[in-house]
Every structure is written in structure tokens, then in C-alpha cells.
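Colleague: Place chain B on chain A using the hints.
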Amino acid sequence: MPAPSPRAELARLSLAAALAHPDVVAGDPGPSRACVSATESEPLEGVSAVIGPDGTYDVILRLAVRLVPLLPLADDLRRRVRTAAAASASAGESGAIEIQFADVTGERPR
Amino acid sequence: MSGLLVPVARALVRLLTPLLLATIALVGIAAALFSIQSGTSTLSLPNLAEIVGLPTLRESVADLLGAVEAPGPTALLSLLGGLGAILLGALMVVGSLVARAERTFVADESPQGQLDARPRALAAAARGLALGTRGVTSAKAKATSTRRGGRLALAVTHPRSASPDELRRRLEAEVKSLQDGFAAKTTLKLSIGERGGSRVE
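Protein chains in written order, with my numbering: chain A, 1 to 110; chain B, 111 to 311.
The hints are simulated quantities; they were obtained by calculation from the structure and are not laboratory data.
Don't take each hint at face value.
[Unchecked claim] Partial selection, computed: residues in chain A whose CB lies under 7 Å from chain B:
no. : residue
1   : Pro31
2   : Leu67
3   : Leu71
4   : Ala74
5   : Ala96
6   : Ile97
7   : Glu98
8   : Ile99
9   : Gln100
10  : Phe101
11  : Ala102
12  : Asp103
13  : Val104
[Claimed, not checked] Computed list of chain B residues with no C-beta within reach of chain A, every gap over 12 Å:
no. : residue
14  : Val118
15  : Gly138
16  : Ala140
17  : Phe144
18  : Thr152
19  : Leu158
20  : Gly176
21  : Ser188
22  : Leu190
23  : Leu201
24  : Met202
25  : Arg261
26  : Asp275
27  : Lys299
Given the structure is predicted, the values throughout are model-derived calculations rather than measurements.
By construction, the Cβ of each residue, glycine as well, lies at the ideal position given by its N, Cα and C atoms.
Bound-form chain A, shown alone (with noise of 0.2 Å):
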């Protein structure tokens, strides 16, 4: 199998990073599938990586998420995912990173 482009490795990366988050339930691929990223191995839902003029890529997640406070919980992902970004050596550099948030599940306890 040939090796993970860096789009790809990021967006495995960055999807990887805000599953793994306690608050976020999946991805959403989004209507018409516009948020999945194709890679080597199988495609990836919820995530998007997109180059820009200046050689980062800018990612954006589309995610179901707990209810929880949800501009803390972007910050949080968006720190989760420039840390695993960084801390590979295969993954393309981080720009802008866009965080929907496509459902919300649950419900406060009283």
C-alpha cells in the first residue's frame, strides 16, 4: 500500500483527534457527502482537508457532538488537532481549521 499522502494523513489525524474527544458522538459526512475525505485506505466521514495558497491545509470537521458548551468544546478540538498535527511527521501542516457542528445529542441533566 503506497504511503498516506500528507492531506491524508492530516485528515486521518484530525478526525482521529476530535473522535477521540469524550463530547464528540461521529462524523457527518454532510449533504452530499461534501465532507469525507478520500484516502488510501477507506474513505474518512466528517472530515475535509483543503491546501491552500500557502501549503497548509485547512481542515474542516463536521461532527455530532454531546451537549456540552459548544464554543469551549471548538477551542478544545481545534488545540486536540494542531497538536496531533504537529507532533506527525507524515501530516501536512495545519492552516485554518473549521469546526460544524452538525447535531447535537442528548440533553442536560437537571
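Modeller: Just chain B now, with coordinates in the frame of chain A:
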């Protein structure tokens, strides 16, 4: 101009598609009905052709085609009509194929990256927060995002014993983060009701 093209194309598709489908269905029903008998019987295709005046139409079309072949105003009108039909067809193709942009609530557009939420997610979050509020027996939430901004409508029921003013205050505090974070104009509707289903739209 290009911003107007797609909405116009979509409107044309919405308007013309049912008309075209209804026309095709009616023609199909008529053809099926008039295929029951043969020859020149009442329910035969030749009789259907007579009823709708196909022989007369054939003569008219022959005259028209003759006029179109010759230079003159009829030829020019036919040319314009043909071009108009091509344009209409192209517009309908655009209206059918161009994906509808997803409207979302945008919370943050910093260089770090955008943060947004689908209306369904925002409505689900509002409903979840409402159901977690003491005194709420059921909740329905609907979020809509338009070019002019987003709206979040939350309707909850509460027992007769609960104070509506107190409950409204609690709910406003609960959804404040959504309202402020995603710039959603929020409306709250409280009514007395028993515990029942809850819905997100």
C-alpha cells in the same frame, strides 16, 4: 447577476417541473385510455388524434415550417423562440443540478478557522438545555438561518404550579450562550402542559 441566477433557476424548476410532470401524466393517461379500442372507434388513437385536432395542427405546422424556411419576421420570431427555449432548458438544468448551499449559524470567523452549527444542531442544543431546566415538562425547538440572520424559536410546556416568569428567566439564562455565540435571535413561548414528547426541527 450570478447571485440571482441560481435562485431564479431554482424557482423556474419549482414552477415548471410540476406543470411538465402533470402534462406528461395527462398525455400518458389519454394515450392509455384511447388505446383500449382499435380502428376508428371511440377509444382509439386515431379518434384521439381527431379530438385534439392533430390533422389541423399538422397543416398549421407545415405552414409554419414553410414560413420559417423563408426569410422574414416569422423566421426571426422562431429563432428567438428557439433560443429562449434553449435558455430556459439551460436554466432548469442549473436549477436542478446546483447544490443548495447549506445555511448555518456562524459563531466565529477568525483566521484560526470558522465555527458554525447547522440549524438542526442549534435546535437540538436549545431543546436539550430547555429539557434540563427545572420546571420544563416538554420542549420543541426550531432554528432557521437566512441571509439576514438566524432565529431560534423555543416552545416549552410547564406544569400549572410553575411560575412562568421564573421559568422564562431560567430559560433565557440557559440559551444565552447559544443566542450570543451564534447570533441567533431567540423567541421563547411558554404554555401549561403535561409531560409529553419533544421535538427538534
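Colleague: Next, verify each hint and record whether it holds.
Modeller: These are the hints, each one checked on the structure:
Taking 7 Å as the C-beta contact cut-off toward chain B, the hint placing proline 31 of chain A at the interface holds, the least distance being around 6 Å. A cut of 7 Å between beta carbons decides the hint on leucine 67 of chain A: the least distance to chain B is about 4 Å, and the hint holds. Below 7 Å, beta-carbon pairs count as interface contacts, and leucine 71 of chain A has one with chain B at about 5 Å; its hint therefore holds. At about 5 Å, the closest approach between the beta carbon of alanine 74 of chain A and any beta carbon in chain B falls short of 7 Å, and the interface hint on this residue holds.
With its C-beta approaching chain B no nearer than about 4 Å, alanine 96 of chain A sits inside the 7 Å limit, and its interface hint holds. Taking 7 Å as the C-beta contact cut-off toward chain B, the hint placing isoleucine 97 of chain A at the interface holds, the least distance being around 4 Å. Because the closest C-beta pair between glutamate 98 of chain A and chain B is about 4 Å apart, less than 7 Å, the hint holds. Nearest Cβ of chain B to the Cβ of isoleucine 99 of chain A: about 5 Å, under the 7 Å cut. The hint holds.
For glutamine 100 of chain A, the shortest C-beta to C-beta distance to chain B is roughly 5 Å, which falls under 7 Å, so the interface hint holds. The beta carbon of phenylalanine 101 of chain A is positioned within 7 Å of a beta carbon in chain B (closest approach about 4 Å), and the interface hint is therefore held. Residue-level restraint check for alanine 102 of chain A holds (minimum Cβ-Cβ distance to chain B is 5 Å; threshold 7 Å). Given hint, aspartate 103 of chain A at the interface with chain B, holds; its Cβ is 5 Å from that chain's nearest Cβ, closer than 7 Å.
At its closest, the beta carbon of valine 104 of chain A sits 4 Å from a beta carbon of chain B; the interface hint therefore holds under the 7 Å criterion. Against chain A, the non-interface label of valine 118 of chain B holds: every CB pair exceeds 12 Å, the least being about 22 Å. No Cβ of chain A comes within 12 Å of the Cβ of glycine 138 of chain B; the nearest lies about 32 Å off, and the non-interface call holds. With a closest Cβ-Cβ approach of about 38 Å to chain A, alanine 140 of chain B is found to remain outside the 12 Å limit, as its non-interface label requires.
The claim that phenylalanine 144 of chain B is not at the interface with chain A holds, since no C-beta of that chain comes within 12 Å of its own (minimum 43 Å). The Cβ of threonine 152 of chain B lies farther than 12 Å from every Cβ of chain A, with a closest approach of about 51 Å, so its non-interface assignment holds. For leucine 158 of chain B, the shortest C-beta to C-beta distance to chain A comes to about 43 Å, beyond the 12 Å cut-off, and the non-interface label holds. Every beta carbon of chain A lies more than 12 Å from that of glycine 176 of chain B, the smallest distance being close to 49 Å; the non-interface claim holds.
At roughly 40 Å, the least C-beta separation between serine 188 of chain B and chain A is larger than 12 Å, which holds for a residue marked as non-interface. Residue-level check passed: leucine 190 of chain B sits 37 Å from the nearest beta carbon of chain A, beyond 12 Å. A cut-off of 12 Å between C-beta atoms confirms that leucine 201 of chain B is not in contact with chain A; the least separation is 21 Å. With a least CB separation of 20 Å from chain A, methionine 202 of chain B remains clear of the 12 Å interface cut-off, as annotated.
For arginine 261 of chain B, the shortest C-beta to C-beta distance to chain A comes to about 17 Å, beyond the 12 Å cut-off, and the non-interface label holds. Residue placement check: aspartate 275 of chain B keeps its beta carbon more than 12 Å from all beta carbons of chain A (closest about 20 Å). Every CB of chain A lies more than 12 Å from the CB of lysine 299 of chain B, the least distance being 19 Å, so the non-interface label holds.
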